[in-house]
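Protein sequence lines correspond, in order, to chains B and D. Positions 9 to 225 (this note's numbering) are the ones given, in order, by the first sequence. Positions 9 to 225 (this note's numbering) are the ones given, in order, by the second sequence.
Please note: incorrect hints may appear among the correct ones.
The list treats identical chains as interchangeable, and a pair is accepted whether it falls inside one copy or across any two copies.
[What the hints assert, rightly or not] Here are the simulated DSS-like cross-link-like pairs (lysine-lysine), alpha carbons at most 30 Å apart as the crow flies:
(1) 171 to 109
(2) 222 to 26
(3) 222 to 171
(4) 222 to 173
(5) 225 to 129
(6) 171 to 129
(7) 45 to 26
Derived by calculation from the structure, the hints in this document are not laboratory data.
Below are the chains, spelled out letter by letter.
Protein chains: 2
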Amino acid sequence: MKIAVLGTGTVGDTIGSKLTELGHSVMMGSRTATNEKAMKFVEKHQGKATAGTFADAAAFGEIVFNCTSGMGSLEALKLAGEANLNGKIIVDLSNPLDFSKGMPPTLSVVNTSSLGEEIQKTFPSAKVIKTLNTMWCGLMVNPGLINGGDHNVFISGNDADAKAKVKEVLKSFGWAESNITDLGDIVSARGTEMYLPLWLRMYGAGGSGVFNIKVVK
Amino acid sequence: MKIAVLGTGTVGDTIGSKLTELGHSVMMGSRTATNEKAMKFVEKHQGKATAGTFADAAAFGEIVFNCTSGMGSLEALKLAGEANLNGKIIVDLSNPLDFSKGMPPTLSVVNTSSLGEEIQKTFPSAKVIKTLNTMWCGLMVNPGLINGGDHNVFISGNDADAKAKVKEVLKSFGWAESNITDLGDIVSARGTEMYLPLWLRMYGAGGSGVFNIKVVK
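Sequences and hints are given; from them, build the entire structure.
Next comes the structure, spelled out in structure tokens:
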């Protein structure tokens with residue numbers, strides 16, 4: 009599949025690398041067509057990956073992964089262009105963490121909305137699926153790193169078909185179907201985004217980001 | 009130990025019942041000294057429990073459990089009276105869930121503060137310990153109901169001695185020390201309170217409140 013990965017940070021590199029490893033054709037998008045990190049990504053995955061602007065990547069991808077930092081996500085997606093996003097699945101991994109006012113970070117969108125909802129409102133013809141935003145990126149693509157892969161990932165979105173397609177991607181990353189918890193519509197992205205302050209405190213308490221939560225009954 | 013339980017709802021009844029069962033002397037506090045639910049509680053635990061106003065209970069207790077609903081907690085504690093709370097541990101189980109604007113509920117205090125912090129600010133000489141607010145009350149006092157008791161409870165607060173005492177209470181409820189996660193100071197109550205929207209969505213997805221999260225590494 010042709011997949012756009014927006015963002016050249018650790019999350020974009022990790023997701024993009026896994027997708028190329030799985031045989032997908034990945035274009036990494038950033039503000040400039042010759043972003044240094046994107047060039048390194050292309051070099052690392054010769055023949056399987058390309059790079060371009062946010063708009064180039066979004067035009068290329070059948071699915072678009074938003075791996076930009078939350079505070080810049082709406083702007084990055086606007087640069088990607090509504091015409092390039094219409095009808096497509098946007099897999100939104102971002103969190104609206106605002107570190108500009110010191111620690112602990114606050115959420116720039118919270119309580120009565122979420123970044124997932126804001127993206128869906130801004131691009132009403134795209135299918136926004138919020139997922140994977142509740143953990144360190146190494147676990148996103150390799151859940152087996154801890155507890156034999158037995159822990160949970162959440163998924164939120166309005167479109168059932170889009171959700172089913174993203175679930176297949178998650179399964180290809182190593183997630184067991186029984187550990188993919190469907191929380192409902194995109195409003196439920198408030199839940200996973202507002203979990204971040206707890207995640208950050210657990211990270212602080214445990215001294216490592218290599219952990220996740222498992223729902224037990 | 010003499011313990012005050014403020015609140016006559018399911019949480020107060022569950023916590024108060026467990027505490028009397030463990031041999032503590034419990035006074036249940038409410039707005040009026042003759043609250044019907046408090047009278048039933050006293051009848052159920054004859055000889056071990058009494059009831060009174062919020063102020064009566066707070067004056068009686070060496071430790072004060074805040075089991076009132078979040079939207080009314082500050083008012084209830086003000087009725088309990090600063091003089092009756094000074095120097096004491098307030099175990100705060102409440103969540104600032106506001107259902108008045110429809111579903112999903114929003115948090116009345118969020119992001120840049122938490123109800124735990126607001127209580128601590130309002131009663132600076134009390135030792136506020138936030139805990140147990142991330143689960144259904146049946147699990148609070150009986151973690152063994154699910155997964156052999158192997159799941160997590162969080163604890164936040166500024167006073168190390170107070171936290172150690174509350175940990176002992178949690179252990180007497182059945183919590184393994186290794187599953188009591190100390191998140192740090194009372195600011196970390198933001199984490200556990202802001203987890204509630206995710207909890208509510210998981211409840212909706214699973215159809216039951218009898219679940220919790222286990223931190224896996």
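Inset, instruction - Any hints from earlier that this structure breaks? Give me their numbers in increasing order, please. - result: When the structure is compared with the hints, only number 5 turns out to be violated.
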